[in-house]
Amino acid sequence: MESQASILTTAQWEQINQLASTLDREQAIWVTGYLAGRNSLTPPTVGVPADTNGNGASGAAVNGGAAPIEAPAAAAPAARLATILYATDTGNAKELAGMLKGAAEAKGITAQVADLADYKVRGLKDEQDVLIIAATHGEGEPPPAAVEFFEFIGGKRAPKLDGVRFAVLALGDSTYEFYCAAGRILDERFAELGAERLIDRVECDVDYEDDADAWIASVVDAITPSATPAAPAVNGTAVNGTAPAEAAAPSTYSKRNPFPAAILENHPLTGRGSTKETRHVELSLEGSGLTYLPGDALGIVAQNDPAVVDALLGELGLTGSETVSLKSGEQSLREALTTTLEITASTPRFITNWAELTGSDRLRAYAEGDVKRRTQFLEEHHPIDFARKYPAKGITAEQLVAGLRPLQPRLYSIASSLEAAPDEAHLTVSTVQYNLYLRPRVGVASGYLRGLTDEHTVPVYISENDHFRLPADDVPIIMIGAGTGVAPYRSFLQEREVREATGQSWLFFGERNFRSDFLYQVEWQEWLRNGTLTRLDPAFSRDKGGRTYVQDKLRLRGAEVWDWLEDGAVLYVCGDATNMAPDVHATLRDIVAEHGGKDAEAAEDFLHELKRDHRYRLDVY
Amino acid sequence: MASKSGIKIDLHNVDRSNDISQPLSELAPEEALKHGSDYLKGGIELDLIDEITAAVDENNNKLMKFHGIYMQDHRDHRDERRRQKLEPEYTYMLRARLPGGVCSGEQWLKIDELGRLYGDNTVRLTTRQTFQYHYLEKDSLRKVMLGLREVGLDSKAACGDVARTVMSGVHPGLSKLHKQVYAVAQQTSDHVIHRTSAYEEVWFGEAPAEPRGDGEEPFYGRQYMPRKFKIGFAIPPSNDIDIYSQDLGFIAVASRGKLVGFNVTVGGGMGRTDRAPETYPRIADVLGYITVDQLIPTLDAVMGVQRDYGNRRVRARARFKYTLDDKGVDWVKAAIEDRLGFEFGATKPFEFTSNGDAFGWDTGDDGLEHCTLWIENGRIIDHPDRPLMTGLRKIAQTGLCTFRMTPNQSLILGDVKPEDRPAIDALLEAHNIAPKQISSQLRANSMACVALPTCALAMAESERYLPELITKIEGILGKYDLLEEPITIRSTGCPNGCARPYIAEIALTGRAPGKYNLYLGAGFHGQRLNKMLHENVGEEKILETLDDALGRFAGERLPGEHFGDFTIRAGIVAEVKEGRFFND
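Chains as they are written, first to last, in the working numbering: chain A, 1 to 621; chain B, 1001 to 1584.
Please keep in mind that the hints were generated in silico from the structure rather than gathered at the bench.
All C-beta atoms in this analysis are idealised placements derived from N, C-alpha and C, irrespective of residue type, glycine included.
Among these hints, one or two may not hold up.
Unchecked claim - Cut-off 35 Å, straight-line C-alpha distance, at most; resulting in silico cross-link-like pairs (DSBU-like, lysine-lysine): (1) 255/A with 276/A; (2) 1041/B with 544/A; (3) 160/A with 544/A; (4) 120/A with 156/A; (5) 544/A with 1085/B; (6) 156/A with 276/A; (7) 156/A with 372/A; (8) 544/A with 1436/B; (9) 255/A with 327/A; (10) 255/A with 1085/B; (11) 276/A with 1085/B; (12) 544/A with 1394/B; (13) 1327/B with 544/A; (14) 393/A with 372/A; (15) 1085/B with 611/A; (16) 1577/B with 544/A; (17) 1577/B with 1348/B; (18) 276/A with 1008/B; (19) 1417/B with 1436/B; (20) 1065/B with 1327/B; (21) 1176/B with 1436/B; (22) 372/A with 598/A.
To be verified - From the structure, some residues in chain B lie toward chain A, with a derived Cβ separation under 8 Å: (23) 1048; (24) 1051; (25) 1057; (26) 1083; (27) 1084; (28) 1087; (29) 1089; (30) 1143; (31) 1496.
Build out the structure end to end from the sequences listed, making use of the hints.
What follows is the structure in structure tokens.
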């Protein structure tokens, strides 16, 4: 094995093993030929792995920083290099980028894929066809890891892009005000910089699959030289007419084919007297072939609460036995509302639909008026609130579902390591509970999970997160997290404990109350005792002693934090994106300024550099 | 030196292989801990600011006992928190030092306030005439101690291997004598208290002027006592302090209302361990008489003998009672007299009639009035229909009375001028806490330790169980017309004996949830140990046994015969003549 290991990275070797374990004999022979043929066509990857981590945590940076690679003679002479760039938050954009690459290669086009987080921006002007898949994060921001690229492209140093062709697929969530903003910004900016738009931008909501498939088909058409023969250029010696893209698709479980994971444990982590409920859920991945690395997330395909379904049906005078036809096929209305459609979040499409159904001028005004007002209105009105406040008499099942979008899986950072808990994935789930119009509401996935016992299974898949990986074992890490934001750190420390990693580690943990909310308290204590965790600074914001937040503890330990950074520590921030992450960032900037003797701007630059070097990593939501 | 029997006692011919003369490495680990603790400072301060845990480490917890503090955890929540991956719900019990159990109205108001602020709205009166808080958070300890200091109280020596809070009989009827005995008890407390400045340093941040050295504890030295040392003063005919359970006891002797001296008792103690026959409760011996001015030298001599000869190798045998049995009472007495330079006088006659409290108003011989309130198991709390804690606060606010805690966990509103009595009565009535007919004399003479959920040692319920058990026993008492018969009953959650169970006519000590050892046959005023009748039995067996014994008692008792005496005469249990035969 050593010889392979020295040629391939550990990660590559694991991937090959993983694939090989799923292949039958015929497929294996085909793949051998495919790889041999592909090798003669595809340019070698330029660039260095993003991480030095020996356990394969890497987003291999593909980069056209050097001159574009000339297409091999075997391909059509007119072929251009397609560079597929993605900005991903939850892994969807990355997955689509892989599909686009497969589809392009099936047409004989040489394509390379890079994460915007790793992409060396100076090479952009030398690209040929740039195909962008960009997710939007939170309130219209790009995914945190891609912020550098956005700043570059939006700034004065952005190059002229004459001669570059591009297309953008924008992913977003229409319940947010700045829907698909990241993709929109890139699309407009590339045009401003002189690049030629291949096809119009497509914006997709959370049910992006069909729109994305169509965009991939269109964009591949647009970059395929008409002279190129239909037969695949990537056609190895042993190809039996099977399209490579299809064959390369993983046979393991995925988002489109989730694995029914048995619940092993499901109980609260928060003690009595807590003002919240956070649960620990352990799931079995046994038999799934699913693997993950610390930092990855688990997608949960949840169902709506039957009580909410009943209430909605009741408000609308529907029985639930009506048949509705959806993209996924025909279903009873009850089943559709339970398993297929989102009924606890409203979209602009829903408000438009409801305005039409009810003829309400008020709703029409919201639908067509100011986006900010509409967004707020949507936040405050679930479909059932529409039904209650704007009764739609005689509504049909089909009319109802026309306004609803597909129920989306929810992602949870995995709180375990396969090294420590083989065949398991642990989650740290905060039960989302709030009142709206005096009625209690519960989050779809957290409410669904709360009701499950060890007799149930949950459909799950792995959502990779290359932006949140452990460094090499001897590198110190500083982990900053509030609430369920500690989940990946539990995974990190489980992993490091088993690997007997020598790097120091420091956890800043924030929650409300020491007594009830110190998530995984006894585990941190044990890790402190056995040296897996070097330091722990907890911050509690609702204890009698006064409000303390993680950033307060960071500031208090500023000099030492700076020492750790000087010693090469990697910083992680996980948890709330609205307040915690910006507050932590501002505090880090102050620490760098004060202890590193820099002015504010230089301190900010320093943090930018840390990000660029993958030493300041975010997983915030 | 010759003993009274004329046998020559050789003070130097004594086994010293277990005492302080031995190197630390030969002794129980607690000895090295004390010795190396910088006079009880240890690492407590660092543990107090540890934010990762609400606990302190094991050794610091042992040292904190000398400062009146025990770490505990909420036992009811232990399992639930284990599943929640949270550490046990650690909180602290803090016990104050209150010699003789007396405090002013102003002090009571502070005690009440601290309980409301930090102690989960409750205060617990103890069997040693003081009070303790439960559920204190680590962060609150300093605040509580500062609060106590504001009114001249502290928590020194409430626990630990030192002389504990000094008890004094409360006898409301003999007010003049009580005043004199109480003054002596306070003087005793001041004399025997350990001196270390570590208390002020740890809790109040007052660094000592110079480093603590050999002069820090002139009496105790670096290793303090081998174990706890309990001192009490009794005022006959009341044996409310259970003089026979004290390591060192003083029975007040008065002449025409004036305190003239004491009969001295040594070697009482309750603690034992189940299935460890080398441990046992012991009734104190009466050594003889001393005059009042011989008191302080006697304290030094008795405690000095125990300090120097007590067993420091085996902690379970470290109490003074074992020193007496190991060395012989005569030898110990001679050793004490040798230090005193005089011999004890002949014991003066005394008589005890009861170890319980009399409830309701009583007029003292000084003309002042005293109202003894029955506080079930010493628990001061606002009951839904009986706001006891609030009512006592309102009474304290009037400034019309003092507060006196009794050894039976009752409370006396003392020193009330006759003309102020109506005001106190009105407040008692208004809060539904006036002394009323108690459902039985068994209940009036009952006592339970705290046990679950806070005590780390408890194996079974005590405070939360005894009242309901008594209700069931009252069914039996009613059947035999014994509701008004004074019978003592005590329960503890473990064998250590905080509620002095081994001198109760009926006693239960916890073995497991719902399971107790049942003892019968002690002397009514605590003068004789009881005997275990059943080991590790449940309620059904307990009630069945008591029904049988009480039924026979009702039918066969002699005039004036107490239940404990009867059970021995009737052969239900054998008489325990000495502690060392308790386990026979």
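Now for the hints, and whether the structure bears them out:
For the hint pairing residue 255/A with residue 276/A, the CA-to-CA distance comes to about 30 Å; that is within 35 Å, so the pair holds. A hinted pair counts as satisfied when its Cα atoms are at most 35 Å apart, and residue 1041/B with residue 544/A qualifies at roughly 27 Å. With a C-alpha separation of about 58 Å, the suggested pairing of residue 160/A with residue 544/A is violated against the 35 Å cut-off. Restraint check: the Cα-Cα separation between residue 120/A and residue 156/A comes to about 17 Å, which is no more than 35 Å; the hinted pair holds.
The straight-line distance between the Cα atoms of residue 544/A and residue 1085/B is roughly 23 Å, inside the 35 Å bound, and the hint therefore holds. Only pairs whose Cα atoms come within 35 Å are accepted, and residue 156/A paired with residue 276/A is rejected, the gap being roughly 47 Å. Restraint check for residue 156/A and residue 372/A: the C-alpha separation of about 30 Å stays at or below 35 Å, so the hint holds. Taking the CA atoms of residue 544/A and residue 1436/B, the gap is about 41 Å. The hint is violated against a cut of 35 Å.
This hinted pair checks out: residue 255/A and residue 327/A have alpha carbons roughly 17 Å apart, not beyond 35 Å. Restraint check for residue 255/A and residue 1085/B: satisfied, since their Cα atoms lie roughly 31 Å apart, inside the 35 Å limit. With a C-alpha separation of about 16 Å, the suggested pairing of residue 276/A with residue 1085/B holds against the 35 Å cut-off. Between residue 544/A and residue 1394/B the CA atoms are separated by roughly 28 Å; this keeps the pair inside 35 Å, and the hint holds.
Proposed proximity of residue 1327/B and residue 544/A is contradicted: the alpha carbons are some 54 Å apart, above 35 Å. Of the pairs offered as hints, the one joining residue 393/A and residue 372/A holds, with about 29 Å between alpha carbons and a cut-off of 35 Å not exceeded. This hinted pair checks out: residue 1085/B and residue 611/A have alpha carbons roughly 34 Å apart, not beyond 35 Å. For the given pair, residue 1577/B sits about 55 Å from residue 544/A by alpha-carbon distance, which is inconsistent with the 35 Å threshold.
Restraint check: the Cα-Cα separation between residue 1577/B and residue 1348/B comes to about 22 Å, which is no more than 35 Å; the hinted pair holds. Simply put, residue 276/A and residue 1008/B have alpha-carbon atoms about 75 Å apart, too far for the 35 Å limit, and the pair is violated. For a cut-off of 35 Å, the pair hint linking residue 1417/B to residue 1436/B stands: about 22 Å separates their Cα positions. At most 35 Å may separate the alpha-carbon atoms for a hinted pair to count; residue 1065/B and residue 1327/B meet this at roughly 29 Å.
Between residue 1176/B and residue 1436/B the alpha-carbon distance is near 27 Å, which keeps this suggested pair within the 35 Å criterion. A hinted pair counts as satisfied when its Cα atoms are at most 35 Å apart, and residue 372/A with residue 598/A does not qualify at roughly 39 Å. Restraint check, residue 1048/B versus chain A: the minimum CB separation of about 12 Å is more than 8 Å; hint violated. A cut of 8 Å between beta carbons decides the hint on residue 1051/B: the least distance to chain A is about 5 Å, and the hint holds.
Of the supplied interface hints, the one on residue 1057/B is violated, with its beta-carbon coming no nearer than about 11 Å to a beta-carbon of chain A, more than 8 Å. At its closest, the beta carbon of residue 1083/B sits 6 Å from a beta carbon of chain A; the interface hint therefore holds under the 8 Å criterion. Using the Cβ-Cβ criterion of 8 Å, the hint placing residue 1084/B at the interface with chain A is satisfied: the shortest such distance is roughly 5 Å. Annotation: residue 1087/B was flagged as interfacial toward chain A, and the flag holds, the nearest CB pair being 5 Å apart, inside 8 Å.
Among the interface hints, the one on residue 1089/B holds; its C-beta lies about 7 Å from the nearest C-beta in chain A, closer than the 8 Å criterion. Taking 8 Å as the C-beta cut-off, the interface hint given for residue 1143/B is violated, the closest approach to chain A being about 10 Å. A cut of 8 Å between beta carbons decides the hint on residue 1496/B: the least distance to chain A is about 28 Å, and the hint is violated.
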